[in-house]
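Here's the letter readout for the chains.
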Amino acid sequence: MTVRRIEVRERVMERNDALAAGVRHRLREHGVPAFNLVSSPGSGKTALLERTLQDLGSELRMAVVTGDVQTQNDADRIARWTERLVHAVVTGGACHLDARQVDAALDGLELSEVDLLFIENVGNLVCPAGWDLGETAKVVVFSVTEGEDKPVKYPAMFRAARCAILNKMDLLPHLSFDVDRAVAFAREVNPELEFFFTSALTGEGMASWYDFLRSHARTRAGA
Amino acid sequence: MHEFSLALEICRIAEDQVGAAALSRVREVGVTVGRDSGVEPDSLEFCLDVLLGEPPFRGARVTMEMVPGEDLRVSYLEVEHDGPTD
Chain A
1 MTVRRIEVRE
11 RVMERNDALA
21 AGVRHRLREH
31 GVPAFNLVSS
41 PGSGKTALLE
51 RTLQDLGSEL
61 RMAVVTGDVQ
71 TQNDADRIAR
81 WTERLVHAVV
91 TGGACHLDAR
101 QVDAALDGLE
111 LSEVDLLFIE
121 NVGNLVCPAG
131 WDLGETAKVV
141 VFSVTEGEDK
151 PVKYPAMFRA
161 ARCAILNKMD
171 LLPHLSFDVD
181 RAVAFAREVN
191 PELEFFFTSA
201 LTGEGMASWY
211 DFLRSHARTR
221 AGA
Chain B
224 MHEFSLALEI
234 CRIAEDQVGA
244 AALSRVREVG
254 VTVGRDSGVE
264 PDSLEFCLDV
274 LLGEPPFRGA
284 RVTMEMVPGE
294 DLRVSYLEVE
304 HDGPTD
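As you go down the protein sequences, you meet chains A and B in turn.
Numbering (our numbering) for the first sequence: 1 to 223.
Numbering (our numbering) for the second sequence: 224 to 309.
Take these hints with a grain of salt, some might be off.
Said to hold, decoys possible - For the chain B half of the interface with chain A, some residues (derived, Cβ under 8 Å), not all of them:
#1 E232
#2 V241
#3 R250
#4 F280
#5 E301
#6 H304
Stated by the list, open to error - Sample of chain A residues at the chain B side, in silico, Cβ under 8 Å:
#7 T2
#8 I6
#9 R9
#10 V12
#11 G57
#12 V126
#13 C127
If you are wondering where the hints come from, they were derived from the structure by calculation, not from laboratory data.
Note that beta-carbon positions come from the ideal geometry of N, C-alpha and C, so glycine has one too.
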């Protein structure tokens, strides 16, 4: 009995990256920008999405792919605001979405009728940073109830993101959170980060976020 | 756990390479870990050991090498080859 050696040299992320490239291509073909919303659990990501869908729903046709480890709670909340929710990927343990799941989710969407796609990732500031989903950009959401040093504790994610949303601004009077310090930490890690300061609850700061989304979305003239 | 899904992917790559039927004959899996990949090698090795100790595998050894760069790769596989009758 002999042992033969097979040279492989394959990148472990190869398959995901290939699928992500496919997703990116499909989205570009239809002119649909896709934002991968990432955060730790409890940042207000879903509330932010709900508010966005509610406020912009009459203007933009938005679709959402959501991921959760368990339950369909996020999907159920979001489904109230858009007909274009595509699964609820319940990962049952996986701590991030992967490109295969997003690719499959796109099959359930009529992309020619979508102006904007949101991918609501699993609440996790670590793993999603390494998994390309074919998105236009990652948007990292964190909140004033977290530490100001979040960006330097999770630099890979803040580096991978194009935008950062600092949420729950309505709670500032009750906290000793220093916004400037948090922004400084974030810019230390990623000087190019575009910041939004929001309260999904009160609507504060959402206008700038909406302008950002509008500038990326394809708007259909007329009906 | 992140390293666990990476370990699963490594096992899938092995299956792609040698076919499901040959997985029990895999004796060694060589992995290179980029220093900037963000992968925790001990954690990955632990997860791989778990997976390689279960069917369809039959206890393959993991050899991990740290290398420059960002990539995590399956470098090679060593597979038992049925020679002429023993």
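Exercise for review: Go through the hint on C127/A and say holds or violated, using the shortest Cβ distance to chain B against 8 Å.
Suggested key: Given a least distance of 4 Å, the restraint on C127/A holds.
**Study point:** Agreement of hint V12/A with chain B interface, Cβ distance less than 8 Å
**Key:** holds, 4 Å
Review point. At a threshold of 8 Å, is the proposed contact between R250/B and chain A supported by beta-carbon distances?
Key: The hint holds - R250/B has a Cβ within 8 Å of chain A, the shortest such distance being about 6 Å.
Review point. Regarding the hint that T2/A lies at the interface with chain B, is the smallest CB-CB distance below 8 Å?
Key: holds, 5 Å
Review point. When the nearest CB of chain A is found for F280/B, is that gap smaller than 8 Å?
Key: violated, 15 Å
Exercise for review: With a cut-off of 8 Å on the beta carbons, see whether G57/A makes it to chain B.
Suggested key: Violated, about 34 Å.
Review point. Given V126/A as an interface hint, is the shortest Cβ-Cβ distance to chain B below 8 Å?
Key: With a minimum Cβ separation of about 7 Å from chain B (threshold 8 Å), the hint on V126/A holds.
Point to revise | Interface hint outcome for V241/B [beta carbon to chain A under 8 Å] | key: holds, 7 Å
Check your understanding: Is the interface hint for E232/B satisfied, with its Cβ closer than 8 Å to some Cβ of chain A?
Key -> E232/B check passes; min Cβ-Cβ to chain A is 5 Å, inside 8 Å.
**Study point:** chain A contact restraint for H304/B - C-beta distance below 8 Å
**Key:** H304/B check passes; min Cβ-Cβ to chain A is 5 Å, inside 8 Å.
Review point. Measuring from the C-beta of I6/A to each C-beta in chain B, is the shortest one below 8 Å?
Key: holds, 5 Å
Practice item. Answer holds if the nearest beta-carbon of chain A is closer than 8 Å to that of E301/B; otherwise answer violated. Key: Cβ of E301/B sits 5 Å from chain A, so the hint holds.
Consistency with the previously given hints fails for numbers 4, 11, ordered from lowest to highest.
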